[in-house]
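Colleague: Sequence:
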Amino acid sequence: MARMVLLNDGQFEAAEPFGNITEQQETVRSAIKLAIDSNKPLVIHFHGGLVNRKNGITIADNLYPKYEDAGGVPLFFVWQTGFIETIKTNYKDAFKGRFVQWAIKKLTSRVKSKLSDKLDGDLFRSGVATSDDEFTEAELQSLKNDIEKSTDFNTIIKGLNAAVSKSFKDDIPEDGNVFRSAISNKTDNDVDESMLIETSCMDPTLFVDEGSQENTRGLISAAALKVKLIKAIIATAKGVISRYRRNTDHGLHATIMEELSRRIHGDHIGSAVWGMMKKDSADAFFDGNAGDFLLRTLENYENPPRVLLVGHSAGAIFVCNLLRNSTSGAFDVALLAPAVSYKYFNETVNGQSDRIGNFRIYTMTDENERKDALINGAKFIYPSSLLYLISGILEADSDKRPDIDCPILGMQRFYDTNYNARPHDDNLLSDVRQYLDSFTNGIVWSKSDAGLGLATTAIDHGAFDNNDQTVASLQHLIKNGF
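Residue numbering for the sequence shown follows numbering that gives the first Met the number 0, beginning at 0 and increasing consecutively.
No lab work stands behind these hints, which were simulated from the structure alone. Some clues are possibly wrong.
[To be verified] Straight-line distance between alpha carbons at most 20 Å, and here's what the computed SDA-like set of lysine to any residue pairs gives:
no., residue 1, residue 2
1, Lys65, Gly480
2, Lys117, Tyr418
3, Lys39, Phe481
4, Lys278, Gly9
5, Lys39, Glu67
6, Lys91, Gly376
7, Lys143, Lys230
8, Lys237, Ser108
9, Lys168, Ile156
All chains, please: the whole structure from these sequences, using the hints.
Modeller: Given below as structure tokens:
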């Protein structure tokens, strides 16, 4: 069985086959001691933060013999967040609804006509919008009139309103989870199930009568809901154009999805979930928690082993938190499709640059990143990779406002010196690029077959840790170094 420990909210969690907390602490101690006694590198693997327990165990079981065959002492941290299933399920439900599908078709037609000379065949950006591409008041009024007269739209509005009115007699819950739970548990045969599913994915405030008496959140009328959703569609159209003007778009389809979702889905799509996942990673290094136990155990040895940290996707955030909390030693680091922001990474290496000995990233080219649909075979839901989704809608700034087109370390988009969409990030991007370039072969772009330790052919965000070429590269780093 693979040598692994289980975390929950940053703490060791007793469970089979991991053992109780004391046994898992001994797993960490014995791995470190074995690496020292055998003069082998300790390989600590952090899977993506969007992986559930079962898949985390599978990853450990698959990689353990490969890391061991390369001469390493493997140790796996299974932190069982499982949020990718949450995000993917939320997206499936949210974007297969009748209102969303209708709105996307309407928006795509209108926005595409304004940006026809700015789009290539795949609807990816090939030019920046100008003031001439913005919607005029007359065009927005035309769009509003078109929506108001649509028979399909009016039918959908009645269905959405009926689904909510059947679920709530008076007050609409403020908490999105309570709102969704109440609707999801509705079994009234008179209610259209598809409308129940769609309303459960929407922001509860859309259904609140803003004229309600104080301390109540009365149910909105169908007419008032119609007004709100028309405003959301128009705001989305303007938002897409604005992002093309600022060069922060992610291609037409993805940008429409992001901007529409921002206005109608509230926290349901994943920003809150993503924030919880990052918190779990940070919590592991609180005094006495699992990450803290690992570091303090390592630091107890005067001559600790060579340590290679491998972080896949959000596992890169876990690696950064480990580095930020370390007080001695230097770690070798290999990141696979890292989902950490440039800002967090830059803060980490600026504060703990002496904690990194060797460093390498394996990740996709931007062309492959854009083609890697979030849900395989369902480009209509979201056409690009998880990293694009994180950059476009999941990250928030220090004031918890959407951080649109947030620079993410694993994305070639932001490493490219031609990227100039966010002038306030120029120094940040330059600093990170300079840091990455300070390492020989600091980044390997997939697909690549540039030799030992420099090969990866993964073109799926989740596939880097089971891609034969990538794993062979990691084996080379374990056995021969960087």
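Colleague: Which earlier hints can't be squared with this structure?
Modeller: The structure breaks none of the hints.
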